[in-house]
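Below are the chains, spelled out letter by letter.
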Amino acid sequence: MNAAWLPPMALSTSLLAAVVIFALPENAWRWRTGVNLGAALVKLTLVVLLGYRVVEGHRDTFRFPVVEGIDFVLRADALGMMFAGLSSLLWLCTTLYAIGYLEGSPNRKRFFGFFSLCVGSTLGIALAGNLFTFLIFYEMLTLSTYPLVVHRGTPKALDAGRVYLRYTLAGGTVLLLGVVLLYSLAGEHSFALEGSGLEVFLPDYRGLLLLIFALLVGGLAVKAAMVPVHGWLPRAMVAPAPVSALLHAVAVVKAGAFGILRVVYDVFGIELSVELGMTTVLAVAASITIVYGSLRALAQEELKSRLAFSTISQVSYIVLGISLFGPFGTIAALTHLLHQGLMKVTLFFCAGNYAEELGIHRIDELNGAGRRMPLTSLAFTVGALGMIGLPPVAGFITKWYLGMGAVQAGMPWVIVVLVAVSMLNAMYFLPILYRLWFRLGPAHGHGAWPEERRLGHMETSAWLLWPMVATALLSLGAGLFAAMPFSPLGWATAVALGDYLP
Amino acid sequence: MSMRFGLVESSQMVLPLTYPALWVALCLPCLLGVLGAWLRPQRTWPILLAGLPLVASGIVLLMIVEQYGLQRWQLEWGKLTVQLRLNGLSVLLLLLTQGLGLVAALYTPGELRHADPAQRSLERWLWPLLGILISSLSLIWVAADLLTLYVALELMGLSAVAMLLLPGKVEALVAGIRYLLLALVGSLMYLLGVALILGHWDRLDLAGLVQVVEAGPVAWTAAALLGAGLALKAALFPLHAWLAPVHGNAWVPVSALHAALVIKASLFILLQLWSVLIPDSIFAAQLVAWLGVIAIFWGGGLAWRAVELKSLVAYSTVAQMGYLMVVFPLLLGPGISASVQVLAWQGFWLYLVGHALAKAAMFLAAGNLILATGKTSLQGLVGASRQLPLSLLAFGVASVSLIGLPPSAGFTAKWLLLRAMVMQAQWAWVAALLLGTLLSAAYVFRVFRYSFVETSPHYAFRALPPWLDGLALGLALASLLLGLFAYGPLNLLQGDR
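Chains as they are written, first to last, in our numbering: chain U, 9 to 510; chain V, 1143 to 1639.
For the record, the hints were derived by calculation from the structure and aren't laboratory data.
For each residue, glycine too, the CB sits at the ideal point set by N, CA and C.
One or more hints might be untrue.
Quick list of in silico lysine-lysine cross-link-like pairs, DSSO-like style, CA-CA up to 30 Å [to be verified]:
| id | chain 1 | residue 1 | chain 2 | residue 2 |
| --- | --- | --- | --- | --- |
| 1 | U | K164 | V | K1517 |
| 2 | U | K117 | U | K164 |
| 3 | V | K1311 | V | K1517 |
| 4 | U | K117 | V | K1311 |
Here are the simulated distance ranges between beta carbons [claimed, not checked]:
| id | chain 1 | residue 1 | chain 2 | residue 2 | range |
| --- | --- | --- | --- | --- | --- |
| 5 | V | L1333 | U | P163 | 33 to 41 Å |
| 6 | V | R1255 | U | P163 | 35 to 43 Å |
| 7 | V | L1177 | U | R71 | 55 to 63 Å |
| 8 | V | R1604 | U | P382 | 23 to 31 Å |
| 9 | U | P163 | V | I1436 | 44 to 52 Å |
| 10 | U | N10 | V | E1356 | 55 to 63 Å |
| 11 | U | E76 | V | L1333 | 38 to 46 Å |
| 12 | V | Y1161 | U | A12 | 42 to 50 Å |
| 13 | V | A1337 | U | R71 | 33 to 41 Å |
| 14 | V | I1436 | U | E76 | 50 to 58 Å |
| 15 | U | P163 | V | G1630 | 45 to 53 Å |
| 16 | V | I1436 | U | A12 | 44 to 52 Å |
| 17 | U | P163 | V | R1262 | 36 to 44 Å |
| 18 | U | E309 | V | I1436 | 46 to 54 Å |
Chain U with its partners taken away, still in its complex shape:
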């Protein structure tokens, strides 16, 4: 039985929420909060339902023709549900956080309206059933993020917005060209097909296939912030913390990484990608990005910039996992899609809390903050240890599987990269933890916080605190209970063994 209404309904929750929010007046705070949270909960429920139906073996599909031979397709499959689940769960957390974060600031209607549109676009990307539909939502994501990047309206924010558009629109154009070429070569191509169907073109059109692969992945790499097209991401950190948290750590960069997953697994197929020799290129590009991002992170003095460069580095683990073309590499890539999202959101929430409660933006201002804000600092510690890859936090699993995948794929040099980068991760995260817990600071009577505000009864406002605690617990839980059937690892393994064995 095909429940065709389910995917469009899940999609329309956030789109409708955006419309309603735009229609509400600026000062209707309660209504807006209600609509936001209600839509987030409804959507989470629908996505869980969709996921359940995918486990049951259904592939709910909704389609209608746009022009002759090209359909708009929304389709729930196992891979898409991973991304959909991640974005819906984190939408709920981030909405709660954003309500607290933006309290009393202007233009909240605009913010939440576009925020909902963004999340709707992410879900569309997750559910897109062919490249045409994917492209539609991919560009929608670009456009709806722009107002969030320039939200503050300062010259710096406006410049960041301009750079962001330059990169993403250029990337989108490259992607468009690739998709048009692919459609012209092979016609409509659904993600649902078994095997790629493109092998038949290999003898005659090898060069064209290579070009298409390069255009598609090149266009997607812009959003995935791979070196050398990563320049927009650190600049976009001028946006408010919830935007950095959800969009730049999760939605936008993950949309790029998810797109690369789709292209390699569902458009070309892993065998054809290996045959074309593109996986090695991807592995090298991902490794360069991983190392470069970590090195740059080491040099940052601002907390958010350090996290941004760390994102650049971490997202490419997903690409690296893809390029190892074995079950372990695939599992690593899929798991990291979820784990990195959880951990990075936590870290950005913490950074936002330090900035809101104590006015801290630079790393050297963090001395002794663990005493003043123990829960925030604990959450930060969990996230940071996860990023370094220490068990039992979720990040460990990725690195373990990546290593196994590298051995399996016969690319031992990847292990060297992994070890080196873990060292680098430790080098840029451990000093922060040291400052948080072991250095004496204003909380011990030495100096003063840059700009202290007492936002709540606890260490900070409850709106800011609890979403962060939740995501920290989830990152911890995803690592501790990785062996359970519906953990990220369990789901990724099912996806990898079910669909993607080369």
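Could you slot chain V onto chain U? The hints should help.
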């Protein structure tokens, strides 16, 4: 090609029901215009009520065409024969004209209410001129002989010039008179072309001409004369210089109709006549295409540097017409495979319709922004995102279609065109289309960059009635949704209908 325009001899009987619908569609706008001059409506609901029968006639004609295919009429007055035909394309354009005309009429009271009283002395005349404009546009879409086309083209051009002159400002007069002179030159060239055709082949009906025209110096000369005259009226590069000054001083609904429909009508006639006269020409189509490539970048560059909001929108029209010009070699010429031609044909009209909706929406939104801020420059928009979110949203949605980002009619059309170009291996035009997209994004986002500025003092903004924004947003959304739901309209465009 000419078959796609419905220019075929057919012995099919005309359904009796079609006559009243056709007469309503052609004559009612004029009558309503006269009524408007007499009553001078200040509210929107009488306009809406009066417009409903008009749109109903269009819908009836649409249903007839969907059901029974191509319709042809032959009206005779003494020695004069008027040939009319209605196929999927013309009925779509007819509906577009009626819809946009109605929106412009609905917008007019709001515009006049806020206009400078000194400029309102002639406002009474706006209504009949609007009526004549809609009638003549409708006639252009259905006319199938050169004489009727000429009459309709003249009526349209003169009423458009008169409407642009109405505000009575000196700049408007200067720009309008220049436009009038150029339009007359264009008409003269058109007439010369018609005279040549009449002298050589002794007939003016297009369907008949398709049968008798053979390639040769006469056809080429006639095509060149007609082409130059119409290109001047359509503001095709490099004959576009009159366009921006005209828009700078006109009333908003007039600008919207002009950019959306008037210049498109000349392009429509141009493509139609060339498909009759020079269906296999390589050189002419190539020339137009290369001029189009230059237009994309020239117009885009001018829009990028524009200081005034309205001239930004107007220059963007020059660039957007360039995209349509680039398609010419995929429509005209020998050796174009049928599949490429279908894609190009669909893409061309979808782009034209999408652009008409988006550009009208953009003019209305720009008009709202100017009315509310009281400033005509881009600089004047500083801080507008806080005060005028709806106007900006309408502008934004319209620009999505204009840039050609998904999901919008502009995107779907570009997709079709890109596929046609890739199949024909025309890489230069693929590059022009893609780079042009980036350029249009660059100039459109300048507007938003100003509007998001928060650090400057806030100006006092005038409150606008919400339906002004509603009209702009409605048009913009129509252009957006057309991209997703293009299947039905595109099916209607196939020549066999």
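Item to complete: Return holds or violated for the Cβ distance of P163/U and G1630/V against the range 45 to 53 Å.
Response: For G1630/V against P163/U, whose Cβ atoms are near 47 Å apart, the range 45 to 53 Å holds.
Fill in: I1436/V versus A12/U beta-carbon gap, inside 44 to 52 Å or not
Hint holds: Cβ distance 47 Å, inside 44 to 52 Å.
Discussion item. Does the beta carbon distance between E76/U and L1333/V stay inside 38 to 46 Å, or does it fall outside?
Written reply: Since the Cβ atoms of E76/U and L1333/V sit about 40 Å apart, the hinted range of 38 to 46 Å holds.
Item to complete: With 50 to 58 Å as the target window, see if I1436/V and E76/U comply at their CB atoms.
Response: 32 Å, violated
Practice prompt. Could you say whether the range 35 to 43 Å given as a hint is met by the Cβ separation of R1255/V and P163/U?
Written response: For R1255/V and P163/U the Cβ distance comes to about 38 Å; the hint holds.
Worksheet item: Between P163/U and R1262/V, is the Cβ distance one that fits in 36 to 44 Å?
Response: Hint holds: Cβ distance 41 Å, inside 36 to 44 Å.
Item to complete: For the pair supplied as a hint, K1311/V and K1517/V, confirm whether the alpha-carbon distance does not exceed 30 Å.
Response: 17 Å, holds
Worksheet item: Taking the CB of P163/U and the CB of I1436/V, does the distance hold inside 44 to 52 Å?
Response: At 35 Å between Cβs, range violated.
Fill in: Hint consistency between K164/U and K1517/V [alpha-carbon to alpha-carbon, up to 30 Å]
OK: K164/U and K1517/V at ~26 Å, within 30 Å.
Worksheet entry | Distance restraint evaluation - A1337/V, R71/U, Cβ atoms, bounds 33 to 41 Å | For A1337/V and R71/U the Cβ distance comes to about 55 Å; the hint is violated.
Discussion item. Taking the Cβ atom of R1604/V and the Cβ atom of P382/U, is their distance within the range 23 to 31 Å?
Written reply: For R1604/V and P382/U the Cβ distance comes to about 53 Å; the hint is violated.
Worksheet item: Are the Cα positions of K117/U and K1311/V separated by 30 Å at most?
Response: 40 Å, violated
In summary, the structure is inconsistent with hints 4, 5, 7, 8, 9, 13, 14 from the numbered list given earlier, while agreeing with the others.
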